[in-house]
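Student: Chains as they are written, first to last, in the working numbering: chain W, 1 to 272; chain B, 1 to 282.
Be aware that one or more of the hints could be misleading.
Claimed, not checked - Here chain B is said to cover these stretches of chain W; the calculated rule only asks that three of the stretch's residues, wherever they fall, bring their Cβ under 8 Å from a Cβ of chain B: (1) 67 to 74; (2) 108 to 115; (3) 131 to 138.
Rather than coming from a laboratory, the hints here were simulated on the basis of the structure.
Computed from a prediction, not measured in an experiment: that's the story for all the values here.
Even glycine gets a Cβ: it sits at the ideal position worked out from N, Cα and C.
One letter stands for each residue in the lines below.
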Amino acid sequence: MTSRVSLASKLYKFTLPNILETQGKHLPESYKKFYKEWKFTQPQPVHYIPHQAKWYRNPNTGEVKPLQNTPIPVYFPPESNKGIWGGEAVIKGFQKRQRLKQRVPHFWVPHLIQSVVYSEILDKRMSVTVTQRTLDLIIKNYGFDHYVLKTKACDLQSTLALKLKKKMLLSLLKMDLYPEDPIKRDEIYNKYKHYLEEYTEEDIEWYGLTFSEALIKYEKQMDMKPIVPLKIKLRKEYLAHLEEEKNNPAQELLLDKKEGSWITKLNPFSKN
Amino acid sequence: MNSVPRSLFKINVFAFCGNQTCIFNYNYEKCRPPTIIPSRNTFILKRKYPVRLRPKGFEDSRPRLKGKDFCYELVEDTEIRKQEKIPVILKEYIEGLGVRGECVYVKKFVAYTKYIITGLADYATPEEVEEAQKRKDLLKTKSYSSLSALRTIKYLESNLLAVVMNKDVEWTLEPWHIRVAFRKAGIHVPTNSIELPEKPIKGPNLDWESKYFCVTVTINNQEKATVRCRLHHWSTNPGDRLPYVVNPWALPQEAIFPEDQERISRLPVIKFKKINTSAINT
Chain W
1 MTSRVSLASK
11 LYKFTLPNIL
21 ETQGKHLPES
31 YKKFYKEWKF
41 TQPQPVHYIP
51 HQAKWYRNPN
61 TGEVKPLQNT
71 PIPVYFPPES
81 NKGIWGGEAV
91 IKGFQKRQRL
101 KQRVPHFWVP
111 HLIQSVVYSE
121 ILDKRMSVTV
131 TQRTLDLIIK
141 NYGFDHYVLK
151 TKACDLQSTL
161 ALKLKKKMLL
171 SLLKMDLYPE
181 DPIKRDEIYN
191 KYKHYLEEYT
201 EEDIEWYGLT
211 FSEALIKYEK
221 QMDMKPIVPL
231 KIKLRKEYLA
241 HLEEEKNNPA
251 QELLLDKKEG
261 SWITKLNPFS
271 KN
Chain B
1 MNSVPRSLFK
11 INVFAFCGNQ
21 TCIFNYNYEK
31 CRPPTIIPSR
41 NTFILKRKYP
51 VRLRPKGFED
61 SRPRLKGKDF
71 CYELVEDTEI
81 RKQEKIPVIL
91 KEYIEGLGVR
101 GECVYVKKFV
111 AYTKYIITGL
121 ADYATPEEVE
131 EAQKRKDLLK
141 TKSYSSLSAL
151 RTIKYLESNL
161 LAVVMNKDVE
171 WTLEPWHIRV
181 AFRKAGIHVP
191 TNSIELPEKP
201 IKGPNLDWES
211 KYFCVTVTIN
221 NQEKATVRCR
231 LHHWSTNPGD
241 RLPYVVNPWA
251 LPQEAIFPED
261 QERISRLPVI
271 KFKKINTSAI
281 NT
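Start from the sequences, fold in the hints, and give me the full structure.
Tutor: The structure is reproduced here in structure tokens:
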């Protein structure tokens, strides 16, 4: 239910042009899909507890007030791309420590640990900076591969995790895991193959790229294709048409005769 | 975001934590004093002052936040939560924990760092936990009384017990004599679990000096271990004592009762220090 006032006020407001409509206008649809999932989707609440109800009744006065969820703005420093923080980020804000004192700026920073994750698909142990929440999520999903493949890009956030996800999807698609052990390969492939259903081959190719990387990739693809002038195509079509005419001239002549003179068409007294 | 005072963006943040140092230095203004953050955890926060409600029809629009809306209070620090125990399925025998294929409960991060990452164990889904329980029930009929029972048998059987008796006073060997001999060797055995050979051993008898006999020890009223013992005679008077023998345990194994000879030879070889064997027989 939207009121008329709100609709009317929206008339005069233009939404800000988004990066996919300006710079990334020519990028393929599969990259745009990924970018929307990564940057324009609201991630799962990590640092706050969202309201479940829409309304709240004050128990003392009986007054009913609406509740709205306003996520706490978080900041992902460049270092977060080198680790897997599990959705945690830096929060900058204030603390009101005493009632009669001025508020003090404060930064809430996640506790980072250097730990190891094991990917079954890539068959590798990797030393990465993680948080306790990441380890919690890995244990909850019964493995690092399940966690990475199941989680949306907006919740993974870091480029490292997204690159790993792309690598896993690619190796599942190409079936190049465990090259020496065909039995194990089938076992692992059957375990994770249902994650491939969401993506097409092109989707995986464009997955996990940063915006600048995608632009470079697009440019390279364009360079690979030689630019063919339109005249070559048109000339080919015209030649084919001429050849057709040459092969069966009888039909052409008949058609011409049937049409007759153009003056007959212009007769103003005809009823048709 | 726009309404946050500009000064907040200009702060150099130096964050120190334990042995790892992570520095966020944006070089906006070098003259500003650094803000030092004492601890770093997973925080769940709450706004101190409620945000102004968005009008009807604009509920999904971007919230316009003021400086006041960035004032937060701590609700919970998740790092202080008690560590839960999670089930893991062992891939191989781990001492003091369990056998292969068993489902055991270990603290979360210990399980992850110590067993799962090293490849000693695997994650357990609820179905796998049930399956492991069924397997364990099947195996229960064959199992030992405790985890260390088998190890104890192995340890006892590979040892040689020296039973030192009096050379001057008459005696008959009793279980408590064996208990004392065990205690001298650093093993505590209750008297009722010691079983002597059927024929009585009486002394002093110098023919039996440094000869073998067998004793049976019962562990947890279930498993039985055979321990070989060697009889020695001892006198309180230093003049009456038998001559000193170098490395008596390396002498040939000779049983007091000939029927025990085969039983002794079947026991595992005793682990001795490497010695010069040429010096023994001379």
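Student: If a hint holds in the structure, say so; if it does not, say that too.
Tutor: Against the structure, the hints come out as follows:
For the region 67 to 74 of chain W, the assignment as covered by chain B holds, since 4 residues bring a beta-carbon within under 8 Å of that chain's beta-carbons and 3 suffice. Figure legend: the region 108 to 115 of chain W, annotated as covered by chain B; annotation consistent (7 residues with Cβ-Cβ distances under 8 Å, at least 3 required). Only residues whose C-beta sits within less than 8 Å of a C-beta in chain B count toward coverage, and the region 131 to 138 of chain W has 6 of them, enough to reach three; the restraint holds.
Of the numbered hints given earlier, the model fails none.
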